[in-house]
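On the provided structure of chain A, position chain B as indicated by the hints.
For reference, the chains in residue letters:
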Amino acid sequence: MKTSLYTSLQRKIIGITLVVSFAPLIILAVTMYYQFAKTCKNKTEEQIEYRALAQAESVDLFLKERIAILSAMADTHTFNEMIDEENLSNIFNVMNSRAGAFVDLGVIDSAGMQRVYVGPYNLKGLNYYDQPWFADVMSKGVFLSDVYMGFRKLPHFIIAVRRNENNKSWILRATIDPNILEGIVRQAQIGSTGDAYLLSKEGIFQTNPRFKGLILSQSNLNTSLFGRRVTVVELENNEGRKLLYAGSWLKNSKWLLIINQEPAEMMQSLFAVRNVEITIIVFGFLAIIMTTIFTTHLAVSQLQQSDATMQELNAQLVQSDKLAAIGKMAAGVAHEINNPLNVILQKTGWMEDLLEEEDIKKSENLEEFQTSVQKIEEHVERARKVVHNMLGFARKMEPHLENVDINDTINQTITILENYARTNNIEIQADLSGKLPIIASDQAQLQQVFLNLLTNAIDAIGKEGLVEIKSRRLDSRICISIKDDGPGIPAEKQKNVFDPFFTTKETGKGTGLGLSVSYNIIEKMGGKIRLKSQVGKGTIFTVEVPIVAPERK
Amino acid sequence: MDKFKILVVDDETDFLETILARLKKRKLDATGVTNGEAAVDLLKNQLFDVVLLDVKMPGGMDGIEALREIKRIQPLVEVVLLTGHASIETSIEGMKQGAFDYLLKPMKLEELMSKMAEAFEKKSKHDKKIREAVIKDLTQQHGSTPSGE
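Just so you know, the sequences run in chain order A and B. Quick note on my numbering: the first sequence kicks off at 1 and runs consecutively. Quick note on my numbering: the second sequence kicks off at 1001 and runs consecutively.
Hints were generated in silico from the structure; no laboratory data involved. A virtual CB, placed ideally from N, CA and C, is assigned to each residue, including glycine. Hints are not guaranteed to be accurate.
Pulled a few chain A residues facing chain B out of the computed Cβ check, cut under 8 Å [stated by the list, open to error]:
| # | residue |
| --- | --- |
| 1 | 87 |
| 2 | 90 |
| 3 | 93 |
| 4 | 180 |
| 5 | 334 |
| 6 | 335 |
| 7 | 339 |
| 8 | 341 |
| 9 | 343 |
| 10 | 349 |
| 11 | 350 |
| 12 | 353 |
| 13 | 382 |
| 14 | 385 |
| 15 | 386 |
Excised from the complex, chain A in its bound form (with noise of 0.2 Å):
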């Protein structure tokens, strides 16, 4: 009951410390841990949209050169000039090795006829007029064509400008690598999921992605969710995994540069530190109960001892409120019984004296009065001295010294007792050692004491019995034991037998005191007296009694 207090009181504090204690370290964790992800995610989309930027600026870097050398080479030279096969291939290799990138070059007059062709195609001689860009590149000047496969079945895009001579207009168009523009865009890749590639506002590959599709196919991006220049998105892709995209229009507004990447590869470092925090919350957890579990276990020890020093303490309280009582009754009783006591020993003194007169000493019963009266005079004596023992135990009068002899005090008690045990058909067996030292002690308190045991020992009989009484010394103690053959005391009761008012005969026949007082007798003789009991068997008291040295006289 007491001990399932205590440790619900434990569990009660252990709980309340570690909800304390984890709640604000939970908050703090998951706070930092959002923020720091926020940051970095912010970090992350910047970076990404950053490179896409950059890299639309070299793709329209790189365009414009190609459109700047076509432009100029159509304005620095005339028809008849470019017409001129040799002179066409001069012009090819000059673009080539300047600036490189262009595959074929071609002069288109105004029908739309390829007049010279450089190239790794025949194609000269065909004509242009139907296909769509040759009516953009008359009316705008300058064109730029999505990727397409175009007469010779491969991926390509061509630049194509117009110009002007003697009103009349003829085209001069080249056909650009996209290998070349592919390694431009994939240079803003990176890691093992990043990738970069070029779409036209259909959403059509005008580079070869790095993963899935290839040039010219349909990708499943939708372009109008980015808005002007750049914009940053995190779209799912087919397998449901979470890309970040960035996309970055050319100037030219015909295709748009695509960064993807797995943001969980650019936020390595966010892990890196979740992984930490979670290592520090996991061992903080664990020191946190460690300590916990531990200080309660040691507070509410502390706790459990100290209430049973409170328990002690009230017990002893408890104790002293009963002897004070018994106290107040003891002074009460003795004034009582002392006065009657008084009367009877002044009637037997006066019987003593008259008694000296002489016809009654001619009397044959003199002896027999006289004995009479002596025995009255002793027992007076005792029941003065009973009386005062019960004021001593009151006030706690500290035990008169004279020279002791244990075994005279033991045997003068049995002569007390002789006559009551021997009507109850008890015997009384003494074995005194006959090496006892005489001791400084208080005879009558002693005699008090071995008078209580005895008288219990035989009550205890009732009747027909045996109580044997021995004395012996072990090393600075004298030892007296009191045994009797009675029905013994029970485990439960034997604790309480030294209480005050504890008894176990009937009602009347004991006043609960005897054990009591000779209890606190021998406490106060520095002494100790013992119990030892069993139920059919029997009963032993043992009063240890110090050995103190009477003084010399």
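Frame of chain A; chain B shown alone:
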């Protein structure tokens, strides 16, 4: 000792009668009363050497009050307190009020006699001193030594 006069004050008549009988049997001049008031009245008219006074008496005047009164009337009388109640406080109070000593009840006649003997001795020494002082006084006044008896 037989010249001295003893007064016993105790409300317990059984005790009072017996102790008086025993003292008288020993040729002592002993008188008894059962309360403080009677003792005080008697002391106003007669001189006593020793008073045996019970401390706890029912009725008007208890032992300590009686003691105070007795000492007021006859300061030279020696009072031995008798008490059935070994109360140190009462005994100390009694001694402060001028009691010679106290005895615990029940007491044997021998104890009582020896205590009274001590009291007589003190009283007679005291009386002797007073007598000598008086004689010295008279001698100085009349210039002659009075004959012994």
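(message) Of all the hints numbered above, which does this structure not satisfy? Sort the numbers upward.
(response) Per hint list: 1, 2, 3, 4, 13, 14 and 15 violated.
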